[in-house]
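Student: Each chain is listed here by its residues.
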Amino acid sequence: MGANTLAEPFIEDFARAESALRAPASPWLHPVRKAAVSRFRESGFPGRRDEEWLYTSVARVLGAGFRSTPAGAPPPAVAAGAVARARLLGAEAPLIVFVNGAFRRELSRLEALPDGVVLESLGAALAAGGGRLEPRFARRLLAEERLGAGAPPRADEAFAALNTALFEDGVLFETAPKRRAERPVEILYLTAGVAQPAAIHPRNLFVIGAESRATLVETYASIDAGAAHLTNALTEVWIEPGASFEHYKIAREGPAAAHVAAQRTRQGARSSYATWFVALGGRVVRNEITLSIEGEECESGLFGIYVATGERHVDNHTLIHHVAPRCHSREIYKGILADRATGVFSGKIHVHQDAQKTDAKQSNDNLLLSDGATANTRPRLEIYADDVRCTHGATVGQLDAAALFYLRSRGLSLAEARELLTRAFADELFLQIESLELRARLEGLVHASLPAAGAP
Amino acid sequence: MLEIKGLKARVEDKEILRGIDLAIRAGEVHALMGPNGSGKSTLANVLAGREDFEVTAGTVTYDGADLLACSPEERARKGIFLAFQYPVEIPGVNNTYFLKAALNALREARGEPELDSVDFLQLVRERVKLVGLDETLLQRPVNAGFSGGEKKRNEIFQMAVLEPRFAILDETDSGLDIDALRSVADGVNRLRSPARAMLVVTHYERLLEYIVPDFVHVLHQGRIVRSGGKELARELEERGYAWLDGASRNGRSAAPAEKSAARKSKG
Ligand SMILES: Nc1ncnc2c1ncn2[C@@H]1O[C@H](COP(=O)(O)OP(=O)(O)OP(=O)(O)O)[C@@H](O)[C@H]1O
Ligand SMILES: [Mg+2]
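Those protein sequence lines, which keep their order, are chains A and B.
Each residue of the first sequence is one higher than the last, beginning at 1 in this note's numbering.
Each residue of the second sequence is one higher than the last, beginning at 1 in this note's numbering.
Some hints here could point you the wrong way.
So, partial list: chain B residues that the calculated Cβ filter (under 10 angstroms) puts toward chain A [to be verified]:
no., residue
1, N45
2, A48
3, D52
4, L68
5, S71
6, E73
7, L82
8, Y97
9, L99
10, A102
11, L103
12, E108
13, A109
14, G111
15, F146
Taking CB as the label site, the calculated pair distances span [to be verified]:
no., chain 1, residue 1, chain 2, residue 2, range
16, B, G145, A, E443, 15 to 23 angstroms
17, A, A415, B, S117, 20 to 28 angstroms
18, A, R85, B, K129, 44 to 52 angstroms
19, A, G444, B, E126, 53 to 61 angstroms
Don't read these hints as lab results, they were simulated from the structure.
All C-beta atoms, glycine included, are put in the ideal place defined by N, C-alpha and C.
Given these sequences and hints, build the entire structure.
Tutor: Okay, here's the thing in structure tokens:
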């Protein structure tokens, strides 16, 4: 199937849903949607030779095809236990829940929000008149403007354009300036069984006010393991000067799910940002992060861990634009791949001309637990400033035979030894998390997802 | 307890062990000496079950059963312990956690109940003092960033906790300061009992002053070329190994000593 035959149903979806998608209180939005769909129509999906999609085929993502759920479909029933099981945080943390893309107030827990923190349905905010959101919505990053705005539509932006055209709901998260929201908040995107393979386009807007501090956990999970669905998420993050934001995203959808997501973040001066992507489920996962470091003296951390078994495919695609001088970025991605799973890491660091004294470090380490597993790793550096320090390194390896023998020589079974070493490989990354509680919860979640540690 | 007959082993195309005969009975301590590269560590690793070495001939029986058919963990559970010449660093695996898992695996194999955390900690506290290991190392990943001597002490500490029936010490004395040497020797001597045996690989006679062996063997080019009592160690200390070149050029002259020693060690 050619990339453009794949595009057709989505254009039809838009035509069908167009009137329902109008938000009269936010008249600026509809032209944005129409522009997005026309860009998508022009570019189509990325083809096999698209530089940004070399290792992941769109045909594989789309499989037998997904359609947007018709408006007005009855909301599926969700047991409270299903919500509790999908949560990373404790029951007391503020929570917003979406099921099949629709906000579910009765499953959420929004009473406990501290002052100065907004956590609500973006769809509702737009319906109520989201004029103040317009300047924050679907904007080019400064880095992209520097590289030439108004360029022709690009196929590698196809999924993002589709999200803009078709999204129904998502999260608006805002912290007021100087507001220290010490307790983390949580977002759950759940997918329940659907009659036909459904496309869901969650849309998030996070605005971390100047000198405020916030932590957010975002989980994508399937309630019915067998449900085939496409999640096509787009998250825009604004980190204002002096702010500090920790963001954890967990994708653990069922084995029939496809997950495509783009996260676009800009950082103002002296802000700090740590973003995590933990990929534990889904048939195909493609997670893009584009970070534009627009103010000086920022700290940025991009951390990723992906665990894949069976035939699963996980593609991490990151792009860090160092636009401003004297910023530090750290990027560490780790993959654990078993059976015939594939992991992809493509990490580009673009140091713009003015970004002197940039310090950027990138690493990607992959652990292959069986002969059939594959890791593709592709560091890319583009440096246009002369006084910078950039390093990158990548490894693809197996469990250390000497360490395995050492553990077994003390009495641990081969399976136990493999499990211990596999956990150790993952746990090193979690040392980057300051909060011991969050660290323990994430470790527990990842350990539970590790492949059964038998012989390869 | 352990009987090695005609053992040959190679790695890739290189034959390293070229016919080893050695019998070790319960209660005995045997020292294994010999020049660098003679195959001492290879023998130690083959006994512990390392798969990098291919056994091409010979047998090893332990408690009357075929040892070579056992996996490394089965050997450990039968009471075999190797203190490695070069203990491997395992970042991310906590020392205490690992040792508790190991001890409980061995206890299960011995039909003993699992130790709970309190009892385990008490045991660890006691043994850690015995071998003079810095207690803070227990909370670190296994051997990661340990000094050479700390790694060796950690091996002996593990041995003191796991209480093997047959322990192989591969140059545990190398790189140890005098105090450490003494505490290693104490750790070893504490384990000595009529039910246990030990094979101590060393280059130095000094260790053997603390751990007095019943037999001393000299390995050269994959064969035991001489065996004797503890006085052999002193002789080697004085004479070095130069005489071995003669021995290997003229294998026959070494052979009678080897045979008589083998007989002797069977006692
Ligand atoms: N994995 C391997 N691949 C190739 N050669 C090996 C391997 N392991 C050991 N050898 C070789 O086998 C020989 C014996 O090595 P071994 O480590 O057993 O010696 P050793 O007697 O313990 O020496 P040392 O006193 O230096 O510790 C050496 O020549 C060594 O290079
Ligand atoms: Mg050696």
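Student: Now tell me, hint by hint, if it's right for this structure.
Tutor: Hint by hint, here is what the structure shows:
1. N45: holds, 8 angstroms
2. A48: holds, 5 angstroms
3. D52: holds, 8 angstroms
4. L68: For L68 (chain B), the interface hint is violated, since the closest Cβ of chain A sits about 15 angstroms away, which is over 10 angstroms.
5. S71: OK, holds: S71 (chain B) within 10 angstroms of chain A, min 7 angstroms.
6. E73: Constraint on E73 (chain B) satisfied, holds at 5 angstroms.
7. L82: Constraint on L82 (chain B) satisfied, holds at 6 angstroms.
8. Y97: Interface hint status for Y97 (chain B): holds (8 angstroms vs cutoff 10 angstroms).
9. L99: holds, 8 angstroms
10. A102: With a closest approach of 4 angstroms, the A102 (chain B) hint holds.
11. L103: At 8 angstroms from the nearest chain A Cβ, L103 (chain B) passes the 10 angstroms test, so the hint holds.
12. E108: At about 9 angstroms, which falls below the 10 angstroms cut-off, the nearest Cβ of chain A leaves the hint on E108 (chain B) intact, so it holds.
13. A109: Since the shortest Cβ distance to chain A is 7 angstroms, the answer is holds.
14. G111: violated, 14 angstroms
15. F146: violated, 13 angstroms
16. B:G145 with A:E443: 15 to 23 angstroms: holds, 22 angstroms
17. A:A415 with B:S117: 20 to 28 angstroms: Given about 23 angstroms between the Cβ atoms, the range holds.
18. A:R85 with B:K129: 44 to 52 angstroms: 46 angstroms Cβ-Cβ, so the 44 to 52 angstroms window holds.
19. A:G444 with B:E126: 53 to 61 angstroms: violated, 32 angstroms
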